[in-house]
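Undergrad: Top line first, the protein sequences correspond to chains A and B.
Under numbering that gives the first Met the number 0, the first residue of the first sequence carries the number 0, and numbering increases by one thereafter.
Under numbering that gives the first Met the number 0, the first residue of the second sequence carries the number 0, and numbering increases by one thereafter.
Hints are not guaranteed to be accurate.
You can't tell identical chains apart in this list, so a pair holds if it fits in one copy or across any two.
[Stated by the list, open to error] Here are the simulated SDA-like pairs of lysine to any residue, each with C-alpha atoms no more than 20 Å apart in a straight line: (1) 84 <-> 259; (2) 43 <-> 2; (3) 69 <-> 36; (4) 108 <-> 68; (5) 12 <-> 137; (6) 11 <-> 247.
I should point out that these hints are in silico values taken from the structure, not numbers from a laboratory.
Protein chains: 2
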Amino acid sequence: MTTRQLVQQIHKKKSFLCIGLDTDLDKIPKHLLQEEDPIFAFNKAIIDATHQLCVAYKPNIAFYEAYGIKGWGALQKTIAYLNEKYPEIFTIADAKRGDIGNTSTRYAKAFFEELGFDSLTIAPYMGRDSVEPFLAFKDKHTILLALTSNDGAFDFQTKIVNGTELYKNVLEVSRTYKNSENLMYVVGATKASYLADIRKIIPDSFLLVPGVGAQGGNLFEVCRYGMNANVGLLVNSSRGIIYASKGIDFDEAAAKNAKNLQQEMATELKNLLK
Amino acid sequence: MTTRQLVQQIHKKKSFLCIGLDTDLDKIPKHLLQEEDPIFAFNKAIIDATHQLCVAYKPNIAFYEAYGIKGWGALQKTIAYLNEKYPEIFTIADAKRGDIGNTSTRYAKAFFEELGFDSLTIAPYMGRDSVEPFLAFKDKHTILLALTSNDGAFDFQTKIVNGTELYKNVLEVSRTYKNSENLMYVVGATKASYLADIRKIIPDSFLLVPGVGAQGGNLFEVCRYGMNANVGLLVNSSRGIIYASKGIDFDEAAAKNAKNLQQEMATELKNLLK
């Protein structure tokens, strides 16, 4: 999917919501455990109930790997279902991968070609030759971890390097990578005011903002500091939507919570277009 | 496996060789492609031919994920075979994972418990709460990326933070993590002289050293600067061993190359014990 198509979808749906499919067998409604593939059954129901309210889905790959081959199968079915039934949806493999040269190419092929995701999250620590292999794929997007929303972000990401925080150095250096137009960035919403500085370095890039909701971010602040003329934001919510209810109404409850966020987003988009 | 058991194996086999199982269907001998599971067939033959010459095997997970469910199945069979037939072998999942809190716990369970690996490689960028969940597993080892052997290592790892290189800061900070005695570190062999500085910070930890062989490292230098009284080194070779021949003699050729490295290592161990 091109960035332009993504932006069109955002305006069409009046939403820049990404729903995190962190599907956990201990948390999904009990009645689904009788299904042949409970993970996929849950994902399918959530997707069917919410696809008009969001523009992206983001399975966190750890949740699938934890179940071995069964989990991998559920992931394959989920992305295949999305690509077939809702091809307008932007898909993110939240894998936080990062390895060198031809190993990166392996991961890129696995997620972009075999599975068919539009994008993949990547860790920056190993530098240029761990990121560029992903950037070589046309109309695929590499979402680089810049500033994450966890406490550990302060261990290294905010340390001063060359007179600036490491995460800003990551933004600056990554702009010099070949095909850097295929980069997006993960920026945690717990530090919304940081977004103003970030926008000085990468005014045009899309930002994937986790942590609005469960992790304490504030949508208004994120938009105030992070939105650009092209919207430039995907705001993620996982647990707050997919685990809204443990009953048989779980999909409706998810849709209700997604709708609340979508309506807030519609207001922000209206303000943007004024 | 405890560190003590690993050290015992090293002295018994007179080897601190780790063999990287970066199994690629385009590179394995053609005759294996007729097997039901060519990846596992290749790994099994390599393992059977080399297990007395090495103390560890390290599948790079990217190579398995690239083949989807089939690859995941081959990985499961490989680790199950190692654990059943050669339980004295130290096993490393080269996954370079890193995510927050309960997602890290998911990955830890997947690799330590479901698959049964002794250790896992981890990226440090997300800090404490992305690493500590792995360290909580008894007799399991978390191998943190410090200084990698690729060109991109100079993008961020060698940048100055708090008056020292970022990778040294990673070493220092990681020592304060809970259960840090379960940490080992990846240190690229292309900068063997850096090992002297590294040993000042982490004198006792085990180092996983990639890049001896194909990536240009030198075993003598690595031992000179990196070895400690407890040996403290696992030196990895992947392509130089497993792709020594494309013929039906591939396993014998692999054993021959492994033997050459093992003999060099025996000499280094003899010098250590003098």
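Undergrad: Compare the structure with each hint and give your call.
TA: Status of each hint after checking the structure:
In the homo-oligomer, the alpha carbons of residue 84 and residue 259 never lie at most 20 Å apart, since the shortest distance is 24 Å inside one protomer and 56 Å across protomers. Proximity of residue 43 to residue 2 under the C-alpha cut-off of 20 Å is found in neither arrangement, the shortest distances being 25 Å within a copy and 45 Å between copies. Proximity of residue 69 and residue 36 under a CA criterion of 20 Å is satisfied in both settings, with 8 Å inside one chain copy and 18 Å between copies. Taking the shortest alpha-carbon separations for residue 108 and residue 68, both the intra-copy value of 19 Å and the inter-copy value of 14 Å come in at or below 20 Å.
In the homo-oligomer, the alpha carbons of residue 12 and residue 137 never lie at most 20 Å apart, since the shortest distance is 25 Å inside one protomer and 49 Å across protomers. For the identical chains of this complex, residue 11 and residue 247 are neighbours neither inside a copy (30 Å) nor across copies (59 Å), given an alpha-carbon limit of 20 Å.
Of the hints listed earlier, those the structure fails to meet are numbers 1, 2, 5, 6, in rising order.
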